[in-house]
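Novice: Whenever a hint applies, use it, and build me the whole structure from the sequences.
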Amino acid sequence: MNKIFIIAKKEFKDILRSRIFVFVLLMLFALTIISLFVSELVFKDQVTQYNNSLAILKSIGKLPASPSPQLFPLNLLRGVVDYIEIIGAILGIFLGYISVFKERNTKAIKLLLTRPIKRSSIIYGKILGNFSFIFLMTASVALLIVLTLPLIGDAGLAGIDFLKLGIFALLSAVYILIFFTLSFVLSLKQKNIVNALIVSFAIWLVFVLILPQIGDTMDPDNQVPGGFFKSMALSKDQEYKIMGGFKNYETIRTGVEQISITKHYERAIFALFGIKTQYNGKTLNEIFHDKWGDAAAVVIFLLFGVWVDIIFFKRSQNILNI
Amino acid sequence: MISLTTIKTVSGKEIKYLLREKTFFLLLAIFIIMAALSTFIGWSTLHTIKNVYHAAAGELAANHKAIPEFPLKNISSLGIVKNMIIYVVLIGSLVSIVLGYFIGINDRVFGTIKLIFSRQISKTELLLGKIFAVICVLLAITLSALVISLISAGIFHVLNFGNSLRIFGFYAFSFMYLFGFALLSLALAMKMKSSASAVLYALFIWIVITFALPELSSALYPTSLLNPVLPPTDILNSPLLSYIHNFVYPFSISEHFKDLSAALLGVADMPSGQPLLYSSGINILLMLSWNLFCFLASFLFFQKIKPAQSDLYE
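Protein chains in written order, with the working numbering: chain A, 1 to 322; chain B, 323 to 636.
Because the hints were derived from the structure by calculation, they are not lab data.
Predicted model, so just to flag it, every value in this text is computed and none were measured.
One or more hints might be untrue.
[Stated by the list, open to error] List of simulated lysine to aspartate or glutamate pairs, DMTMM-like, C-alpha gap at most 20 Å:
1) 230/A with 381/B
2) 372/B with 239/A
3) 372/B with 14/A
4) 372/B with 103/A
5) 387/B with 237/A
6) 230/A with 391/B
7) 372/B with 250/A
8) 247/A with 286/A
9) 102/A with 633/B
10) 387/B with 239/A
11) 515/B with 14/A
12) 241/A with 633/B
13) 372/B with 216/A
14) 236/A with 381/B
15) 395/B with 221/A
16) 515/B with 237/A
17) 395/B with 219/A
18) 191/A with 103/A
19) 247/A with 381/B
[Said to hold, decoys possible] Which residues of chain B face chain A? A partial, calculated answer using Cβ under 10 Å:
20) 340
21) 343
22) 375
23) 377
24) 388
25) 397
26) 413
27) 517
Glycine included, each C-beta is placed from N, C-alpha and C at the ideal position.
Specialist: Okay, here's the thing in structure tokens:
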């Protein structure tokens, strides 16, 4: 166990020394702040519009049909989740690549394997070290949100919101680590290691961007700005009833989305933050009851990735063929 | 004096190297497959939404409510091709980045830069040779996608002379958009100290252009921008958001490409509250400026290269 921690510590220190990761971290922080700022401006604009409409209605002696916009601070984090999905995955890919690249480049792995240490301990140490760094990064993003939300969004966080941000940091770290395991195994397999990076990006492109995009594009409700069913003045119940007649199409559409790990992560976090508005005001138990499958899918993808890494690392000769 | 023969020789060599890169073909295959699928996805979605509308009309009629008009009744026949705009922005630009990367980095990885400059060849000739190789490969890619789109539009009976011209125009501007990314990636691959940082910085520029600038300019969430139909935005009502839009929009090259492509394909459906956008003429000028900027950046980077120190030992 001690050996695993020593390797994890070394891996963690190596990452901190790398300029690339400082750059990615700063990029993520900058985009988080931009996203929060834009979301807050949009919300303030909605409130102003509502108040203007209210004043007009009152002047003609009428009452508003819709309730005033209510601020749930975590709703402002949709853009942040989008960036974690995209940039977080890129970070995971680079971590996996660098983890193998430096072993090949410095030839330290040969020396390491002359010591009484199991290959499985090396891989556990690497995964633990990288997970620690990734979690530190996602926790920093959560902390940045805690610090900037009251400043940018005039939004005070409730106790439950801190817990939700903690779950967000943990699940985001698990999501990013999946891409680490992918890039790690590809870097072990490829003779030309940069090719592993590009293959990882090809997979990232398909699972993070293309599949969710196809799912969204095929959604009939997305074909009209503001929503098709809203434009037809249909209620949610009527929408479900109508779409019940298109089961095969919906099965294919949601099936495409289900393949994407990003969509599972997104569904779980959107429910947690109430970005899916029906989850606003619900307890964590209620959210977990609905979304445990998506959270479990993220964890299962990670466990599969770790298992594949262990298998390939134990068998890989590439790492020694320097 | 620049020798055309030398440029041709360099580009021939670069293309030959590129053809050996299986990973480039993997990304290219994704792009071509999506080009082939995009029209089918568009057709299937439109076909379904028509049926959903009929079912919704039946439901409304049963409840004695007024039936609104079909919201997509004015959609252009090329609406089924519009997904391709997003695939060019998403996949095409990444293919171009990888294309520029390989053409820029090969000499450095193989350690042949010193050997090349021991011959009678100038830096400008070498760079022009590489750029010519990028142009040839990118032309081949966009032409392939054009042919696929024309065939699939024909299969779904939306192909006529006017639509063919529109699709051709769309791919001409796609080429311009992608060429910029390939040039930037080429410049970074020739300049950066490691291959990983060359890829990372090119990706960073791609993220800023594809997601961050449009988010600032339109106040829409990053992944919402990938939806062919943009959700409503009310930035005109907020003075600060309007100010940010006016400041950022001229630099948001992906939006100019999307606006121009939507206008060309006749699928520009601006949601309410959308700020005033540029005319197609200005969009074309901005696309040209984008190409010019990337061209100058690649020249500037390349002139700074010291052949004796440019090999990569990875």
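Novice: Compare the structure with each hint and give your call.
Specialist: For each hint, the structure was consulted:
| no. | hint | verdict |
| --- | --- | --- |
| 1 | 230/A with 381/B | holds (14 Å) |
| 2 | 372/B with 239/A | holds (15 Å) |
| 3 | 372/B with 14/A | violated (57 Å) |
| 4 | 372/B with 103/A | violated (57 Å) |
| 5 | 387/B with 237/A | holds (16 Å) |
| 6 | 230/A with 391/B | holds (13 Å) |
| 7 | 372/B with 250/A | holds (15 Å) |
| 8 | 247/A with 286/A | violated (27 Å) |
| 9 | 102/A with 633/B | holds (18 Å) |
| 10 | 387/B with 239/A | holds (15 Å) |
| 11 | 515/B with 14/A | holds (18 Å) |
| 12 | 241/A with 633/B | violated (64 Å) |
| 13 | 372/B with 216/A | holds (17 Å) |
| 14 | 236/A with 381/B | holds (13 Å) |
| 15 | 395/B with 221/A | holds (16 Å) |
| 16 | 515/B with 237/A | violated (59 Å) |
| 17 | 395/B with 219/A | holds (18 Å) |
| 18 | 191/A with 103/A | holds (14 Å) |
| 19 | 247/A with 381/B | holds (17 Å) |
| 20 | 340 | violated (13 Å) |
| 21 | 343 | holds (8 Å) |
| 22 | 375 | holds (8 Å) |
| 23 | 377 | holds (5 Å) |
| 24 | 388 | holds (8 Å) |
| 25 | 397 | holds (9 Å) |
| 26 | 413 | holds (6 Å) |
| 27 | 517 | holds (5 Å) |
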